[in-house]
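Novice: Since the structure of chain A is provided, determine the placement of chain B on it from the hints.
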Amino acid sequence: MNDTARGPVAGIAAALDIANLDTDQIMPKQFLRGIDKAGLDRGLLWDLRFDGDGRPRPDFVLNRPAWTGTRVLVAGPNFGCGSSREHAVWGLQQYGIEAVVAPGFGEIFYSNALNNGLLVAAVSPEDGLALLNEANADEPLHIEVDAVSMTVRTPTRSVPFTLSERHRRMVLDGLDLIGASLAYRDRIEAFAATHHATHPWVKDVARRTRQRLGRT
Amino acid sequence: MTARTLYRKLVDSHTVVELDPDNVLLFCDLHLMNEYTSPQAFAGLHDQGREVLMPGQNVAVVSHIIPTHPGAFRVIQDPASALQASNLKRNCDRHGIALFDTNDTLQGIEHIIAPEHGMIRPGMVVICGDSHTTTYGALGALGFGIGTSEVEHVLATQTLVYRLARDMRIRIDGRLPVGTTSKDLVLMVIGRIGAQGARGCVVEFCGSAIEALSVEARFTLCNMAVEAGARGALIAPDAAAIDYVLARAPDITGEQRTAALAHWATLFTDDGAPFDIEHRFDAADVVPYVTWGTSPDQAVPVTGRVPAANGEQRTSLLQAMRYTGLAEGTPLEGLPVQHVFIGSCTNARIEDLRAAAAVVKGRHVAPGLRAMVVPGSGAVKRQAESEGVAQVLIDAGFEWRQPGCSMCLAMNDDVLAPGQRCASTTNRNFEGRQGRGAITHLMSPAMAAAAAVTGHITDVRQLEPLA
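Protein chains in written order, with the working numbering: chain A, 8 to 223; chain B, 9 to 475.
Isolated chain A (complex conformation) (with noise of 0.2 Å):
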């Protein structure tokens, strides 16, 4: 597949400045009692968008009616941290963000991120700052995420952000990783051989132990 597969997120950005933006903001607790991805776009930083009685927050940046079709997050630094949960990623693509540009990232969130094609775009503080504050105006910003050039581009503006290769790759060619790691699976197997010979009291640690434990 070659590098046009996927264009640029292009489209509204909405500014978010705040920094360490953790996951339980981003996706609270209440909507993670399902067992399947359905309507997390509802619960999408609940409570910035709605206030204690459920009501809009009309303040809120994505509930002012020019950033309807928000495509696009510009946020501060360290977004996503905290909380492994990828519920977050699903509410943000649910509500129809593309690629979330920021000064850095929770860890396990990127992974999460990129594990979906949710294009995250690291920029430097300076950067950051910059798209901050030409995000958070009166008027809407059109901004253009691309995975190709590895640049954000706004209308006074064009910025580099980093993605490693492999990751620019699964953004853009939609990798099934379960199926590529897959392919090793005889390698997998051999390994996992060598090592419970050499190492035989990690083998089957789980199972030993509870059967040893007993159900209670």
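Certain hints may be false.
Claimed, not checked - Capping the alpha-carbon separation at 16 Å, the derived lysine to aspartate or glutamate pairs in EDC-like fashion look like this:
1. Lys210(A) x Asp259(B)
2. Lys369(B) x Glu407(B)
3. Lys210(A) x Glu196(A)
4. Lys44(A) x Asp55(B)
Unchecked claim - Here are the computed distance ranges between Cβ atoms for each label pair:
5. Asp259(B) x Asp183(A): 29 to 39 Å
6. His203(A) x Thr311(B): 49 to 59 Å
7. Ser171(A) x His77(B): 43 to 53 Å
8. Glu336(B) x His149(A): 37 to 47 Å
Source of the hints: derived by calculation from the structure; they are not laboratory data. Since this is a predicted model, take the numbers as computed values, not measurements. We treat Cβ as the ideally placed atom computed from N, Cα and C, and that holds for glycine.
Specialist: Quick look at chain B alone, frame taken from chain A:
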């Protein structure tokens, strides 16, 4: 051979394939699952018609959603949560995966159950769909949290596509002063390096202060390393760690024991091995720490005040002050709390409960304050009851609950009301973490106990001695 860090040794010994210079296919010795980050992984596996490759290396625990009300039998009232629990059991039965179910007497928090039954062994790679999997570094095992897509990947392949981390070393020499714990130490470290200070790194803790910590205190330290953004935390296993494991792993005997001890003796950072980042702290600087804000790095000495909102952090500091209802310069000591929560994978082990009991013995929970102890597991609960620790806490007016995650993330029915201020032994003081609008102050079990008996944030070192 080139000098390697402990982290590199663990990665090298679990690398099945080097995928590219930054990524390896990493073999996972133990995969822990819970009820809320695994369902979609099993569903994905089933949709693709895939099997669990090595069921014996996987274990599941119902821990986040279970009610903690006292009583013999636990019934999950919330229908969606009950479905999560029954769904987990169905998935485990289908694939032959070990499970600690809702009414198992050994039930509790995944990160407490796994080491207390000897499932965590030095040199292992241990993963879980939960960020606090870094806890296991205390035993020289590389533990880290993953998302649900990766849970599915591990189920299908027993491996992860793993992006290599950078090496950070944090050396802490000296002795922790009387009245302070590893919780205070880790809050100080996070306060100094920041919530992103270890992002992208696996942190190795070393130094005489670390060597002097009990294994349980090391769990607390490694548990919270993730709050500095660390992808893992490690402490080279010493005699204390090895004794802890051997006492809980009766299957390691004879020749296996000899081989295991020989292997574990290689688990240290070689002299001259390179670290990308190094920090040093002095244990003598540790005092009882509490958080005032909404990020774990917003921690100050209990004798301190809410800092001024200056510099680059100004916006987030102001935001935190708005949420916690505190102004610049407000002293932390004396701030009234309405609730005290002692529990969580950070501080719900027997040593933590003993520390709390030692503070409250002969005293009583302040009027109008609700104080709750949620032991980390059924085994911890029983031990506390047999030692008399539970009775001390009960006599002091604490609620003595069934084990579980409970009010750490408040995913069950233990939830604070808006505006309630809680002295909490947990790991996160995020907005809404313990309930919408509720305010969390992180601290050690002894400090939480002191808050319980005085009704406000209190320097445990200053509690009047009982006559």
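Novice: Confirm or reject each hint.
Specialist: Hint by hint, here is what the structure shows:
1. Of the supplied pair hints, the one linking lysine 210(A) and aspartate 259(B) holds, its CA atoms being roughly 11 Å apart against a limit of 16 Å.
2. Annotation: proposed proximity of lysine 369(B) to glutamate 407(B) holds, straight-line Cα distance about 15 Å (limit 16 Å).
3. Between lysine 210(A) and glutamate 196(A) the alpha-carbon distance is near 13 Å, which keeps this suggested pair within the 16 Å criterion.
4. Among the hinted pairs, lysine 44(A) with aspartate 55(B) is consistent with the structure: their alpha-carbon atoms are about 14 Å apart, no more than 16 Å.
5. At roughly 38 Å, the beta-carbon separation of aspartate 259(B) and aspartate 183(A) lies within the given 29 to 39 Å, and the hint holds.
6. At roughly 53 Å, the beta carbons of histidine 203(A) and threonine 311(B) sit within the given window of 49 to 59 Å.
7. Roughly 48 Å separates the CB atoms of serine 171(A) and histidine 77(B), a value that falls within the hinted 43 to 53 Å.
8. In this structure the hint that glutamate 336(B) and histidine 149(A) lie 37 to 47 Å apart at CB holds, the actual value being about 38 Å.
Violation of the numbered hints given earlier is absent; every hint is satisfied by the structure.
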